[in-house]
Amino acid sequence: MTSQAPLHRDEDPAFGWVLPGLHLKFDHRDDRPVRLVRLATAPETPSAAAPSAIVDVITAGGAHSASNDQGLLYSSAGQRLRYEGHESDETELRIRQRAPEFGVEVLSVFRVAGPGLQIRHTVRNVADRSFVLLSVSSALVAVPADGAHDLLWGESEWRAEGRWRQRPLSELLPDIDPAMHGGQYSRGLFSLTSHGSWSTGSFLPTGVLAAESVPSIAWQVETSAGWQWEVAQTGSTVTVGVHGATDRHHQFAVRLAPGEEFTSVPAGLCVADGGRDAAFAALTGYRRAIREVRPVDARLPLVYNDYMNTLMGEPSTEKLLPLIESAAEAGAEYFCIDAGWYAVPGSAWWVGAGEWLEAPERFTGGLSSVIDAIRASGMRPGLWLEPEAVGVESAIADRLPEEAFFRRFGERVIVAGNFQLDLRHPAARAHLDETVDRLVEEFGLEFFKLDYNRNIGAGTEVDADAPGAGLLGHTRAFRDWLLGAQARHPGVLFESCGSGALRMDYNMLSMAHLQSTSDQEDFRKYAPIAAAAPASVLPEQAGNWAYPAASMTLEETAFAMTAGVMGRLYLSGFLNELSAEQSALVREAIALHKDWRHRIAESHPVWPLGLPGWGDEVIALQLDTGSESLLALWSRGEAAEVALPGLRGRDLKQAYPVTLPEWTIRRPGDVPVVEVPSGPAARIFMVQR
Numbered sequence: 005m006t007s008q009a010p011l012h013r014d015e016d017p018a019f020g021w022v023l024p025g026l027h028l029k030f031d032h033r034d035d036r037p038v039r040l041v042r043l044a045t046a047p048e049t050p051s052a053a054a055p056s057a058i059v060d061v062i063t064a065g066g067a068h069s070a071s072n073d074q075g076l077l078y079s080s081a082g083q084r085l086r087y088e089g090h091e092s093d094e095t096e097l098r099i100r101q102r103a104p105e106f107g108v109e110v111l112s113v114f115r116v117a118g119p120g121l122q123i124r125h126t127v128r129n130v131a132d133r134s135f136v137l138l139s140v141s142s143a144l145v146a147v148p149a150d151g152a153h154d155l156l157w158g159e160s161e162w163r164a165e166g167r168w169r170q171r172p173l174s175e176l177l178p179d180i181d182p183a184m185h186g187g188q189y190s191r192g193l194f195s196l197t198s199h200g201s202w203s204t205g206s207f208l209p210t211g212v213l214a215a216e217s218v219p220s221i222a223w224q225v226e227t228s229a230g231w232q233w234e235v236a237q238t239g240s241t242v243t244v245g246v247h248g249a250t251d252r253h254h255q256f257a258v259r260l261a262p263g264e265e266f267t268s269v270p271a272g273l274c275v276a277d278g279g280r281d282a283a284f285a286a287l288t289g290y291r292r293a294i295r296e297v298r299p300v301d302a303r304l305p306l307v308y309n310d311y312m313n314t315l316m317g318e319p320s321t322e323k324l325l326p327l328i329e330s331a332a333e334a335g336a337e338y339f340c341i342d343a344g345w346y347a348v349p350g351s352a353w354w355v356g357a358g359e360w361l362e363a364p365e366r367f368t369g370g371l372s373s374v375i376d377a378i379r380a381s382g383m384r385p386g387l388w389l390e391p392e393a394v395g396v397e398s399a400i401a402d403r404l405p406e407e408a409f410f411r412r413f414g415e416r417v418i419v420a421g422n423f424q425l426d427l428r429h430p431a432a433r434a435h436l437d438e439t440v441d442r443l444v445e446e447f448g449l450e451f452f453k454l455d456y457n458r459n460i461g462a463g464t465e466v467d468a469d470a471p472g473a474g475l476l477g478h479t480r481a482f483r484d485w486l487l488g489a490q491a492r493h494p495g496v497l498f499e500s501c502g503s504g505a506l507r508m509d510y511n512m513l514s515m516a517h518l519q520s521t522s523d524q525e526d527f528r529k530y531a532p533i534a535a536a537a538p539a540s541v542l543p544e545q546a547g548n549w550a551y552p553a554a555s556m557t558l559e560e561t562a563f564a565m566t567a568g569v570m571g572r573l574y575l576s577g578f579l580n581e582l583s584a585e586q587s588a589l590v591r592e593a594i595a596l597h598k599d600w601r602h603r604i605a606e607s608h609p610v611w612p613l614g615l616p617g618w619g620d621e622v623i624a625l626q627l628d629t630g631s632e633s634l635l636a637l638w639s640r641g642e643a644a645e646v647a648l649p650g651l652r653g654r655d656l657k658q659a660y661p662v663t664l665p666e667w668t669i670r671r672p673g674d675v676p677v678v679e680v681p682s683g684p685a686a687r688i689f690m691v692q693r
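Quick note on the working numbering: the sequence shown kicks off at 5 and runs consecutively.
I should point out that these hints are in silico values taken from the structure, not numbers from a laboratory.
Don't be surprised by glycine CBs; every beta carbon is placed ideally from N, CA and C.
Hints are supplied without guarantee of correctness; some may be wrong.
Derived BS3-like pairs: lysine-lysine, alpha-carbon spacing no greater than 27 angstroms straight-line [claimed, not checked]:
1. K657 - K529
2. K529 - K598
3. K657 - K598
Pair ranges (Cβ atoms, derived) [what the hints assert, rightly or not]:
4. S240 - R163: 39 to 45 angstroms
5. E621 - T663: 21 to 27 angstroms
6. E296 - A588: 33 to 39 angstroms
7. A588 - T49: 46 to 52 angstroms
8. S174 - L558: 44 to 50 angstroms
Could you put the whole structure together from the sequences, leaning on the hints where they help?
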């Protein structure tokens, strides 16, 4: 429905929206914007929310009014919004407001998605002159400032993704006693902001306010462009503001002529009766509800990729053939040839990429002969591709028009020898359409690993009012391009990779099939990454690398394979060089993963020892399906005894590896205590009620 469609106007200043698992209530008095006053799992359960406006809009010339001037709350235009009407059904609630003196109309859409809500706001210019939009919130929700909540947030970087923090909100937003200072509005603020085109290069677009005594809330921003979320002290409440790109943080601005409109990036919002794990369980259900699952991915096939700790971008026929044979013997169902397949051996392959033609010097008999070998082994073939990047020495760099590339200050943007394609331009899109269609037709490909290895910066000024708006337009066009490629090739899987997991957001993951969770090459450091991954991405999408090596002991081999089992097993390594005992451990892990992969796709994560710290010596992740679970324990330090009070009364049985010694489990007072040996060592247990 557009913002012009008529909505029912309710004269009662309060109205509710009651659904299975969700109960919302709003009010719309004449002297204030529409407020969310209740957010709960049922009519009879406590509310997680304190009264707060549902949207805020900042326009050029529209200063903050009663502002926390460090944040994005209480804009003049947002405070002047007034109720115009609403309507709802069993899946969607639509609320319209107007601020006539600013020429702003906002249509807020709340869509049910599993146990949560996906929220968008469309801002429309209803004035007779243009205005410039500087930001619009994607979601706003407040909680009482009662000291009950902990804030959880995630930090990230290359090879160190998903490092979560948890601190009492009262420590992050100290009480400054506003009454003693003449009632002045507090400026307390905790915020996270993305930087450039890596949406998860520094921080994760997900947060949780967790509490045991009152309901918890969780949120995520669903964009591959700029985003920001903030938690601000607002008198007797604390308000969470979830935003896409903003002028203040991302050089974003959009000029709207009369009648034109702009829609915010989506935000996911969940409420849960319980603490941290309950909030993440709700987010997990929400993510499943917004994901487009195609039949080709419903099988959750196991992929071998030749890159990690293996060929590292230097494939050849002679190197690949033994890997193909050993991957098939281990149980892989797809085989992906990673980077370098298009480059002359020994060349700087990143500055010449962009045409995506095979390098004949690499492959005896041509790339097609390697693809044939993959098929002959019973696996399906795939290739690595970095679609948005064009090397400065590529012929494509001269073949496409200037407007098909990101540009700033009249020049193409260059980062590490690469230009960036702008998928808003038809020539850029046609080039990538031709590339994918040609590779699928020529080689019969059934898998693409789509990488993104450069943070290209704030964006592009081409056909944009500001660089951040250009970046947002490109990421939306890239999503449309990928959906089109999937529609043309419904039998092809597409992996999202961003130099590991530096573009791990649900703009991408709502349509991509799996996500590489890191480029971390040290199997010991991969454990906290794999254990934390389900806080950011569905377990069945979490492509955790498992790369056994001949230099590993049997215990180290099992440790390395455990990460893969506890997500979407992404196999690599020189499997052909392993000992018989190591190969048996690999096959055993793959068999367990295949037996559990569809149950993993119905599970939610639990962290019996808390979300893992980067240096933790013992790490735990449980994938819980209700009646049974998989529990992984990794040891990276000295021997220890680990109590698991959250598993009181549960039966634990070692499920992997069965060929290595069982870890001792004692049950004093019905609480399992596991005797964990010195590491590196790992075990996976079957947990039953």
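If any of the earlier hints don't hold here, list their numbers in rising order. Structure breaks no hint.
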